[in-house]
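Residue strings, one per chain:
2 protein chains.
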Amino acid sequence: MIDDLEIDSPLVRCFRVEAAVPSLEDNTADIDRLKLTLKDVLQQQGVVEYHLHIPFQLLAKLASVFRSAGFSGYVLVNMLPACGEIIDFLPHKPQALPAMALDLGTTYLEASVLDLLTGKKLAEGNIENRQIQFGSDILSRIHMTTSLKSSGPDEMNDGLQNLRESVTESINELAAQLADKAGIRTTEIRALSVSGNTTMVHLFLGLSPYHICREPYTPLINDPDPCHAYDLGLDIAAMAPVWVLPSIGSYFGGDLISGILACSLDILEDTCMLIDVGTNAEVVLGNRDWLIACAGAAGPALEGGVARMGMRAGPGAIEHVAIDTDKWTLSYTTIENTPAAGVCGSGLIDLIAQLYLARVIDFRGKFRKEIEPDSKEHKAFLEKRLCSENDEMFFVVALPVETVNGQPVILSQIDLDALIRSKAAMYAILTTLVSQVGVAFEEVGKIFVAGAFGKHIDPRQAITLGMLPDLPLSKYEPVGNSSLQGAELVVLSGSYRRRSKQISQKVTYVELNVNQEFMMRFSGSRLIPHTDSSLFPSVPVFQSSHNA
Amino acid sequence: MIDDLEIDSPLVRCFRVEAAVPSLEDNTADIDRLKLTLKDVLQQQGVVEYHLHIPFQLLAKLASVFRSAGFSGYVLVNMLPACGEIIDFLPHKPQALPAMALDLGTTYLEASVLDLLTGKKLAEGNIENRQIQFGSDILSRIHMTTSLKSSGPDEMNDGLQNLRESVTESINELAAQLADKAGIRTTEIRALSVSGNTTMVHLFLGLSPYHICREPYTPLINDPDPCHAYDLGLDIAAMAPVWVLPSIGSYFGGDLISGILACSLDILEDTCMLIDVGTNAEVVLGNRDWLIACAGAAGPALEGGVARMGMRAGPGAIEHVAIDTDKWTLSYTTIENTPAAGVCGSGLIDLIAQLYLARVIDFRGKFRKEIEPDSKEHKAFLEKRLCSENDEMFFVVALPVETVNGQPVILSQIDLDALIRSKAAMYAILTTLVSQVGVAFEEVGKIFVAGAFGKHIDPRQAITLGMLPDLPLSKYEPVGNSSLQGAELVVLSGSYRRRSKQISQKVTYVELNVNQEFMMRFSGSRLIPHTDSSLFPSVPVFQSSHNA
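Chains as they are written, first to last, in the working numbering: chain Z, 2 to 549; chain G, 2 to 549.
Take every hint as true, because none was put in to throw you off.
A pair holds if it fits inside one copy or across any two, identical chains being indistinguishable in the list.
Capping the alpha-carbon separation at 30 Å, the derived lysine-lysine pairs in DSBU-like fashion look like this:
#1 K328 / K377
#2 K328 / K385
#3 K507 / K456
#4 K40 / K507
#5 K502 / K121
#6 K62 / K502
Please keep in mind that the hints were generated in silico from the structure rather than gathered at the bench.
Construct the complete structure from the given sequences, taking the supplied hints into account.
Structure follows, in C-alpha cells:
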C-alpha cells in the first residue's frame, strides 16, 4: 500500500537552495540569506505564508556549514504545522532521508523505516514492549502510575517514570535494529511518527493516564503538538520531530485514526466499516460525510494471555482449524508451519466454529456431555480429543507428539466461555453501532478487518460463531497492521497529517460503558450464532443440546 | 513617552479562561480543553488563525495546575509570530506581569522593568557591560572572538564564550538589581526585549561577529527568531521569550531601529531625521514612505575614552561650557554638580565652539600661538588657561582646585584634532545622506537627536562648530535613550514589533566606507564652521589665524 503512495510533503523535507554569495551590493546576513532563499524555494513550490524558524541551539552550526558550503546545498526542514523548522544544512544531496513509523502496541512495538525522499521502505521489524514486565494489560499499567507516590504535580512519579523509560528503551532498541537492517546509523533517522492507543501515548510522553479509566474518562491530552526526539530521550536524530497521531478519547486512540486512514474510510462515498480487534474491539462506521465509532472489551480472549493455550499470532500459533465430520479428522495449520505452541485468535474462532458444526459444543458454547457417536471414526475422535478431568471437560486440539513442548494444546470450558463473551461483545458492538445511525449491515459496502486478527481470521468461521454479521464473504477485507500503516502515511504525507486532524474532529464516539442498548444486545448475542438465528441464515441451527 | 503608550498585544499576555468541567457529555482531554478554550478567548479578541503551542516540558505541569484550579484561571502566553506559546497557568490573576527592556550598549547596559498588564514602569537602572574587561570598543571585542582557537564550526571559541558569559552575567546582575527595586523575584520577569548594535547582539547570542568587520560586512544574523531565557543562561523566568530587535546590517543595528520607533520616523508624513551618536554616528532620514540611513565613525571623540579628559556623561562630567569674552571668564556646569572629573561629548562641543568664538583656536581647529590680548582680563585668561609644555599647547578647562582628583582638566591639540575629525565626519554624513535623496536640510521637519549626546548637547554650539546644519534650533529635539525606548515599545506592543520588522525591510542603507562623495564632503567639513561658510550664515567667520 505504502509503496504506491505519492509522497506529498513528508514530515521532514530536503530542499535544494542556491543562495547568492554575499557582496557589497547584497550583504544580507548569513542566516537571513538562508531563510530568504528557502522562502523563495518554498514559494515556487506553492508553500506560502509559512513561517520559517531556526532553533536557537542550531544557529551557529547552520551558519557555519552554510557558509563553508559556499551558500549552496541542501536544507532539511521539519514541516511542522505552525512553522518550518530548519534543522540541518548539507553540502551534498543525502542518499536517503530515513524516518521511522511506529505502532506503539501494548504488547508489541512494530515499526518500519521509510525513506522520505522516495517513500521506499528500508526496513521493518518488531520488538516486545518492555512495559510488559510491569503488567500485560493497560489497566495494570495505569494502576502502576497511580499507586506510587509522586513528588509533585509536575514531576513524574516512579511508576510513570519506569513505564516511560521502558517503552523508550524498547523504541531505542527497535530503532537500532531497524537502522542496522537499513544500513544506516540510528541518528540518521530524521523523524518519528507514532500510532498507539491513548494510554500508550500518555505513557510514551510521560503524562499521567490516571483519569483515562475514571469517569468521565478524560485523557490528559488527545492531540499533542509535535516534540523533538531529544525531549523523549530517543536515540534517533535529536531534532527529529516526533509526530503522534491524535486520539479522540480515552478508548479511541491514534491507532484507530491510523486504521481509518489506512482504509480511507474518511474519504469513501460508500458507508464502510472498520473493525480493529486488539485488547479492545474498536469499530468505526462511516464515509466521507460522517464517522461514528465505539469500542468495548471484546478482544482479550482473542489475544494471547487469556485463554490458557492462547497466544499471539506468531510462529507455532495454530491459525486455522478444520474438522472433517465425514472422516472425523481434525487438521490445523500453524504460522510458519512450525510445531504447535498454542492457538491464536483466528485459530480459536475456527476451532470453536468447527466444534459447533461438529456438535462437540452446543449453541450455548458448552461442551456436550453425552454425545452418541454416529460412527467408529466419530467415537475414536471423541475418545481421543474430548476428555474430562475432575469433572471439567476439555478438548485436545494438538496432541503432545505434535507440539513444541510435548504438552497437548487444549481448550477448556473456561477458555470457551471467554471466547463466547468476546464474540457476543463483538456482535453487540457492531449492531449497536449500525443501529445508532439506522444503517443495515446489508448497506455497508466493505468491512475492513484490521490487525493480526484481520490478517488471519476466516470470516466464514466468525460468521458461523455469530461474531461477524452474515454477509457475503467478499465484503470482508483484511487490512493488516493499520496502526503502523497510518503512522507510515502521516510521516510520508502532509495531506494524511491534515486528514488525521480532521478525523479526530469528525468522529462521533458512542460510549458503550453507559449504553443500555449495548447491554441488551450483548445478552442476545451469547448464543451460537445468535438468540435470533434468523439473523444468520447461512449458519445451521442446532437448538437442542442433545443429539439431532 | 512609554507611560502614555496604549498597550496592544504585549510580548507576553495573560488571558482569563473559564473552561467547562469535564463530563461524560464533554470529555475533551485536559490540554486540548485548555487550548480550545483559549482559542475561543483569542477569537473573541480578534486573534484568529493563530496556532497555539505548549512546550513539551510544560505539558504535565500545565495539565496538573489547570485541573487543580478547577479548569478556570489565567493562562500566560508568549505571543510569538509563528504561534502563541502557552507557558503558565495561574489560578489567580497575577498582580503584575513584569518584563525587562534592555539597551545592550557597548559600554553600559541600561534597562527597565515594565508591567505588561498596565504598561507601568516598575524600575530602571544601568550597569557597566563586563565585556569592557576584554576591550572597550567593538573592534577589540571582535578581534578577541577570532584570535582564540575554536574547537569546531558549531562550538563557540573561548573568546566568544568569555564575551557571551560576561554580558550574560551583566544582564543577570542588572535584572537582579531591577527586580529588587521593583519588589519582585528575578524569575518573575516574564519577557526580555533587547536593543543593541549588530556586534553586541551577536556576542549576546554567542554567534561569531567575525564577518561583521570584514568586507562585504556580512553579519551572521540580522533578524533572530525569539528564543527563551534558558537558551541564553539568563536568570529570569526560564520560558521568558527573548525578543531581539532586528538589525539591518553590520553597521546598522537594532538600537537604531529602536531609535526610529522611538521618534516614529517610519510613520511621520514629514521627512525627518534621526541622529544617534555613540561610537558610530548613525543617521536616518525619511518618512512613512521611505527611510535611508548611513553610519560612520564620528563618535569616538565624543564618547569617553578617546580624548584624554573625555568621559561618559555621568556625575562630574563637564556638560556645558561658556566663555564670556567681555569679562574673560570661563564657566561650566557638571552633571549632578559634583567636582569636575572630565568632559563629556556635549561639554567638548561647547568648549570647542566657545574656544572658536573666543578666538583661542582658529578656523582649522588649531590653538592660535600668538594672541594679542585686548584687555587685562583677556591677558589673565590666556595666561591662566592657554599653556604649553614641550612645544605642545593645551587649554585648562578646570583648574586643579576645582577637580575631583586635584589634577587639571585639560584639552590638548590631539584632543582638538580628534573632535574636529568627528565633527567633520558628522556633517559629511548628514550632507551625504540628504544629497542621496535630493532633500535640502531646510525641508527636514525635525531632527531628533538620540542618546546621552542628544540629551546634553546644545545644538547652538554644534552649529557653531559646523557639526550640525545651521537650522532653527526649534527643529532639534532630544529623544533620550531611544535604544531603550525601542526595547520598551516592542515588549509592550505587537504593532511596534511588526513595525520593527517592516523598518528592517524598508531602510535603504548607504555604505559610507566605499562612498567617494562622503570622502570629499569630509574634507570640506574640516574647517570651522565649514570650507563653504555660506552654509552657516549664523556663525561668525574668522578667516585669518591672526588677530582681527
